[in-house]
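Next come the chains, spelled out residue by residue.
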Amino acid sequence: MNEPLPSFDLQRFDGRRRWKNRLAIVVLTLLTTLAVWPFVSILKYVIERGYPALTWTLFTNLPKPVGEAGGGIANALVGSITMVALASVVGIPAGIFAGAYLSEFGRGKVATTLRFTCDLLVSVPSIIIGLFAYTLIVIPMKGFSAYAGAFAMLMIQVPMVTRTTEEILKLVPQHLREAGLALGIPRWKVILRIVLRGSLSGLTTGVMLALARILGETAPLLFTAFNNRFWSEKLNQPTASLPVLIYTYAISPFDDWHAQAWAAALVLVLFVLLLNVATRLILGRRADIRH
Amino acid sequence: MNQLLNTENVIASFSGHQVLKGISLSVKPNDVVALIGPSGCGKSTFLRCLNRLHEEVTGATVNGRVVLEGQDIYGEGVDPVKIRRKIGMVFQKPNPFPALSIYDNVAAGLKLAGIRRRSVLDEAVETSLRQAALWGEVKDKLKAPGTSLSGGQQQRLCIARALTVRPPVILMDEPTSALDPISTAKIEELIVQLKTAVTVVIVTHNMQQAARISDNTGFFLLGELVEFGATREIFTKPRDRRTEEYITGRFG
Amino acid sequence: MEQLLALPIVRSFLPQGRKEIHLGDRLFYLSLKSLSVLIILSLCALVYLLWGMATPAFAKFGWGFFTTSTWNPVTEAFGSLAFIYGTVVSSLLGLLIATPVSIAVALFLNEVAPRPVGTVLGFMVEMLAAIPSVVFGIWGVFSLAPWVRATLQPAIQSYAGWLPIFQGPPYGVGMFTAGIILAIMITPTISSICREVFRTIPFTVREGALALGGTKWEMMKMAILDSSRSGIFGATVLGLGRAFGETMAVTMVIGNRPQISASLFAPAQTMASIIANEYAEASSDMHHSALAAVGLALFLVSLLFNGGARFVLWRTDRKFRSRA
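Residue numbers (the working numbering), protein chains in the order written: chain A, 627 to 917; chain B, 23 to 274; chain C, 384 to 707.
Derived by calculation from the structure, the hints in this document are not laboratory data.
Every residue gets a Cβ at the ideal spot worked out from N, C-alpha and C, and that includes glycine.
Be careful, since some hints might not be right.
Partial selection, computed: residues in chain B whose CB lies under 7 Å from chain A [what the hints assert, rightly or not]:
#1 Ala135
#2 Arg139
#3 Gly173
Quick look at which bits of chain A chain C covers, simulated, 3 or more residues with Cβ under 8 Å [said to hold, decoys possible]:
#4 643 to 651
#5 663 to 674
#6 699 to 711
#7 716 to 725
#8 782 to 789
#9 840 to 847
#10 868 to 879
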């Protein structure tokens, strides 16, 4: 170990390495800009083209025949809200309680199968959910309806809310439950009054994320609620919805309809982004409950 | 030049909060210098200032001069990347690259520098592993992942990796604090053997370790270099009262 | 023993699922369990009903359903090859574009960008995932497709137009545009998984690379990318699975022509888009059945890829945890 060791030239490629490093940083920056650009562009288009068409009549009128001015999206708005509300009346409690089942009684075959089911349903293409709703509801009812649309939304909402609820409830420290039980409070009250009530803000974010998702889903509505150019008097009739309207109008050849589609898209995007931002604000920098 | 490494009034901060208050010391070639002191007193920060790793943390700043082989590594236009080749580092927790084999781990520094010739790499890897007293244990499984070794072996692997680029100085940040006593002893023995090839600056929590293996010792307290001198003197006749209190276990 | 079981504390230590003593607890537990079973059953119902709807088509066409490309609702000759081709090619194209971009985004946001820039850009990438597919679609129709028609396609054709995959008139809509829009839509997914995988690499490994005299890029390659291969793979498989199922945006920009063409610029059709286009107004039971069969195939493929990706990522996660 005392002989001089042969030396290498470590400096030879230094210039090249430094240049490669700079290039890499530049490329990374450019690609990130490229990835973010569509977000900026979509917002730009939706605002630029949607805002001018946002008139009072847009929100209060029904669609008019092609060529007539003053058509509106009122029925689509109401239809979307109706179906989301219909789905949520069942979906939100179902999701929360199923999530509570997973977090409070979480071991065993039923629980594991439920988790697997939810993960599966969440990643299934939503058009398949539409096929399911069609077969289960549209065929027996012999027609398109708000019920069918709401059911499709339900099947997307419940697994989402279940999983997020489980994640949020699992964050509740065990000693809180034990404190309640030690006081002689029955377990079901402990879960409802202590665990659930203490996690309301977290649970709300999960619900909001699911709402944002089902508001924007189009594919499952295409053959469940279908569409309607008039008011749907009853829930068992075809019902207009915001996403389907955007789709139909956007691919039509009429400029007036295009403008309305952009306006509807603006409304939808604003809603969805607001819900997502609110979620972020409530959660702060805590656990990421998506996927 | 009798001094290999010379620091002059090194001051380091994290986002405006000062952690080192002007450290000046010098290291002779083929010395082992130990830096001791209670935890949180800036020893590791100082070490990281020596290979310009401290500034990689957001908001961290360094002032002062660090002169290595006559060159101020913080001078105008000096590339930190080049400096780090001259100052190797071994970390507290062994950190072999997870995706690389034992061979590739040891050769990593050379491969980065663009050296590809198999014969050169083979020889360098074997030399480094011998120097790190690991060759016998791994020579038949050079292709095994670096993480398949035990903790003590991984640390010797990291030492071999640092040795491969032939730095004049190797910094060690509490290299044995995560290891069992037997591995610790092996590495202490290794450091004493390495003296002939490199200069070592080692941060350690363990006073006995410092007493065992170092030639010179520096005592850090609250970001200040309280005393620096020959190990024998520091441990038998410390000049500063605070040093004496630390040595005799009054605090820390 | 019964006395002991009456104490709530002891009860809470009982293995889950054991019979609750208190009546209220028992009812609560059973109703929650029934709800869970109901949800599980609904998935079974989905598979059962879908299979039921699809069976007539399988019975009539057999394996030919997947190997022929004639799709004629009038003569009731149904073959889904063109849609399989469309789905696979558009998704692979999307993946090809999205993977390097997503890895770059993950590296940039994690390692290169200063904190505030990283937060803002990261937020924008994640919000991209929240935008509904139909909004991507309308943007695709009025912004992306015209750009492809007027700028991108002529540019590519001027350099490589002699290649069969780049030939054809500039419609603007087609397989290529669909691939681009899919790439945009799956990038948030792939990059966020990559970011998480990259974060699990301990800081000290990064420092080790720098301490050896590596440049920042070399550090990223050696300490991060090389160690994350299986995680990146899982992310891409997941992205591919998402791309397969993407419906509205693709339907609006793919041109809706059930054909197999050599050119990437030709209009095409995917499995999801044919269902979206034709199901609501399908004329006959066999038509419905054929579309349901396409849906079943899509369901199974999506299951395969999503499940596979999850498995790979689960294994990667375990490997890193055991190391830490």
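Identify every previously stated hint that the structure contradicts and give their numbers, smallest first. 2, 3, 6
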